[in-house]
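There are 2 protein chains.
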Amino acid sequence: MNELKIKGKNAKDASYELMNMSTKIKNNALKIISDNLEKHSTEIIEANKIDIKNSREKGISETMIDRLMLNEERIKGIAAGVRQIIDLEDPVGEVLSMKKRPNGLIIGQKRVPIGVIGIIYESRPNVTVDAAVLCLKSSNAVILRGSSDAINSNKELVRIMKLSLKETGINEGAIELIEDTSRETAVEFMKLNDYIDVLIPRGGAGLINAAVCNATVPVIKTGIGNCHVFVDESADMNKALDILVNAKTSRPSVCNACESLLVHKNIREKLLPAAIKRLKENNVEVRGCPESAKISNDVILAAEEDFGKEYLDYIISVKVVDSVDEAVKHINKYGTGHSEAIVTENYTNAQKFLDEVDAAAVYVNASTRFTDGAEFGFGAEIGISTQKIHARGPMGLKELTTTKYIVYGNGQIR
Amino acid sequence: MNELKIKGKNAKDASYELMNMSTKIKNNALKIISDNLEKHSTEIIEANKIDIKNSREKGISETMIDRLMLNEERIKGIAAGVRQIIDLEDPVGEVLSMKKRPNGLIIGQKRVPIGVIGIIYESRPNVTVDAAVLCLKSSNAVILRGSSDAINSNKELVRIMKLSLKETGINEGAIELIEDTSRETAVEFMKLNDYIDVLIPRGGAGLINAAVCNATVPVIKTGIGNCHVFVDESADMNKALDILVNAKTSRPSVCNACESLLVHKNIREKLLPAAIKRLKENNVEVRGCPESAKISNDVILAAEEDFGKEYLDYIISVKVVDSVDEAVKHINKYGTGHSEAIVTENYTNAQKFLDEVDAAAVYVNASTRFTDGAEFGFGAEIGISTQKIHARGPMGLKELTTTKYIVYGNGQIR
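Those sequence lines, one after another, are chains F and S. Here my numbering is used: the first residue of the first sequence is 1, the next is one more, and so on. Here my numbering is used: the first residue of the second sequence is 1, the next is one more, and so on.
The hints are simulated quantities; they were obtained by calculation from the structure and are not laboratory data. Positions of the beta carbon are idealized from the N, C-alpha and C atoms, including for glycine. One should not assume that every hint holds.
A few chain F positions that, by computed beta-carbon distances, are all more than 10 angstroms from chain S [said to hold, decoys possible]: (1) Asn27; (2) Ile45; (3) Arg159; (4) Gly379.
Below, a list of computed lysine-lysine pairs in the DSS-like style, where the Cα atoms sit at most 25 angstroms apart [unchecked claim]: (5) S:Lys352 - F:Lys9; (6) S:Lys398 - F:Lys352; (7) S:Lys5 - F:Lys309; (8) S:Lys100 - F:Lys239; (9) S:Lys99 - F:Lys239; (10) S:Lys333 - F:Lys5; (11) S:Lys333 - F:Lys110; (12) F:Lys329 - S:Lys191; (13) S:Lys9 - F:Lys309.
Bound-form chain F, shown alone:
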């Protein structure tokens, strides 16, 4: 058996033990994991240094190396994140409904863990711990497949989590790491239907699309965000400018950042000069439609493709639209179904936008940047789903569960 099958089987076996594990035991394991991460920080940093050295030798950019880097403070942060999960409500076991049928059968729907969750992700080693502890708290086993850049860090983090599981008496198969980081193994991982119940890719569009195209395991597509801010005719200008600048510039590299500004034609002369000025002050390149380019010399003419792009950078596309209807149509055509905002004082347009925009999160008069598990009050998130089945939007512990029907009879036959 190869590594995938061995670890797949370990995880599957562990998942049956986790299924009905008490919250107390799981929380105890989380406590021990967080303590051990701090206790073993020197070893983690040593392993991380190897990854950083290898990455420098490969000529990886310093931005990427910063994402990879672990130090005492960051490890403390990761450990603190684990402790936060302890306080979150355990979603497993909740009975969502229980009804008696005319034939006397009592049919209940109960929240249960999914089983084995596969996570495939890119550089950042904090994901290794974040994902593992969310799965553990929701009684799922996890199989992690990180990137080669972070392999030494990941191995050390998983070693420490496994020894913590052992201390708590939990089957170590609950957290597995695939150490073979080849592309072929990644594709094989995505087809491990016998052992993995759901695959969650976390990373850039390339990784997400590879998972969608290759996986035979059910995939939850996460985090590609071509998000829009539409400033309607009736918008409050100050709110519009603040929301736009915040959505675009507070953290341009994340999926809930704004990538495109739509402006109602009747306010283009009023809004655009101020908006472009604020964007330029924040070093944002503005690529606009011909209408918007007429208004400012700071606008570069956008190509058609610009409207479909997730820049994840200090760039924004701009388009003047005739109406809220055109804005909705544009968003449903070019958007990725992530987060979309309207700035308006008009009640009907606000409701129309909420009703007709087809996205995970639709905002009136607020920044798209709020689409996030913590901001939504979930305490933590494993990712932001942009597909329509299972979960849509930020995925917390509840979204890491499924349900099962439990049926109490007294001899009923059909």
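Given the structure of chain F, go ahead and fit chain S onto it with the hints provided.
Chain S in isolation, oriented as in the chain F frame:
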């Protein structure tokens, strides 16, 4: 553009119009569809006769031809089924929760249609109507891809549904049929990510597995059922026998039928002779483990593969087990996660079985045959999901929806 893309685009466009359509308009369309099906029954029967003639020429079995056949009475039945959907509650628009965050944002989670649902299915032309009207009632557009055997019937049924939509003023793209029934088109259909939000295959294991392996569109795996009845040591013998016979023989060709009997070793001498007698009376072939074969000459020795089989026929596998734990382990190993039953008078074992068996529906003292949308009180079903994401068990109208977050702000930035 080929047929798939044209119809894909039609359905996508229609889906935006359906999204916020009133229940009244949708119910009116359902009423007109049911009336028109009856009114045009002669044309439907004519078209169906061509399918039957073609199938007979191809040498298709009379059982299959019976599934394909439509007559006045069956069309009345289909039309009556459509009328039943009118009375079901419209799931769309329900706000599942609405909470105010500390920053003043009001975040609601609202039930919305999925968008475009692809259905790929086998012979039975009633599925064409059933699936279309369930999608319509839940505000989804549907693209149907039936088999070549039923193509003339399906074309006529869809023609009548489309003219009914037209009468009601609903975009006809709401119901599309792919008329090219080649295998290549089926595979292309499964990869139509630009237009289809979710694919539901309905049919045998071959079709379901082809969808799981080929689709890049998210799939909901339905209806493969290797279901077990476990008779525990403490079982009431009469209940056990009635449940077993009902689960196995009331309709052996369906996915919730029992395929395997597990018996606690301490009652093998008591249960098996009576059970085998009842099964034989119902023409069921019994393939058992060596332990069970010792008890009766009517038991054929089972091969290892028998325990993993969904016979869908008058055949059952039998295994004697040492304990409820062994029964659970066996089921989690060989089962398909559909419906599983324990017959027991022991409280602890009943709870253990409910907790530890990993399936969509788990029963105590009732037949597995109850796993069905109508029996569960959903009014109708589009299929029975045996996967763990999105929906698990019978899928009614609610399971044809997703959610979206609607966020009311007053200028919040992050």
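Okay, the hints, checked on the actual structure:
Distance check for Asn27 of chain F against chain S: the nearest CB is about 20 angstroms away, which clears 10 angstroms, and the non-interface claim stands. Listed as outside the interface, Ile45 of chain F is consistent with that label: its C-beta sits roughly 31 angstroms from the nearest C-beta of chain S, beyond the 10 angstroms cut-off. Once the 10 angstroms rule is applied to beta carbons, Arg159 of chain F is consistent with being away from chain S; the minimum gap is 29 angstroms. With a least CB separation of 13 angstroms from chain S, Gly379 of chain F remains clear of the 10 angstroms interface cut-off, as annotated.
Between Lys352 of chain S and Lys9 of chain F, the direct Cα distance comes to roughly 23 angstroms. Compliance with the 25 angstroms bound is thereby established for this hinted pair. Distance restraint check for Lys398 of chain S and Lys352 of chain F: the Cα-Cα separation of roughly 23 angstroms lies within the 25 angstroms cut-off, and the hinted pair is therefore satisfied. Of the supplied pair hints, the one linking Lys5 of chain S and Lys309 of chain F holds, its CA atoms being roughly 23 angstroms apart against a limit of 25 angstroms. A distance of roughly 20 angstroms separates the Cα atoms of Lys100 of chain S and Lys239 of chain F; the hinted pair therefore holds under the 25 angstroms criterion.
Distance hint between Lys99 of chain S and Lys239 of chain F is fulfilled; the C-alpha atoms sit about 22 angstroms from each other, no more than 25 angstroms. The straight-line distance between the Cα atoms of Lys333 of chain S and Lys5 of chain F is roughly 15 angstroms, inside the 25 angstroms bound, and the hint therefore holds. Using a Cα cut-off of 25 angstroms, the hinted pair Lys333 of chain S and Lys110 of chain F holds, with the two alpha carbons roughly 22 angstroms apart. Our distance criterion of 25 angstroms between C-alpha atoms is met by Lys329 of chain F and Lys191 of chain S, whose separation comes to about 24 angstroms.
A hinted pair counts as satisfied when its Cα atoms are at most 25 angstroms apart, and Lys9 of chain S with Lys309 of chain F qualifies at roughly 22 angstroms.
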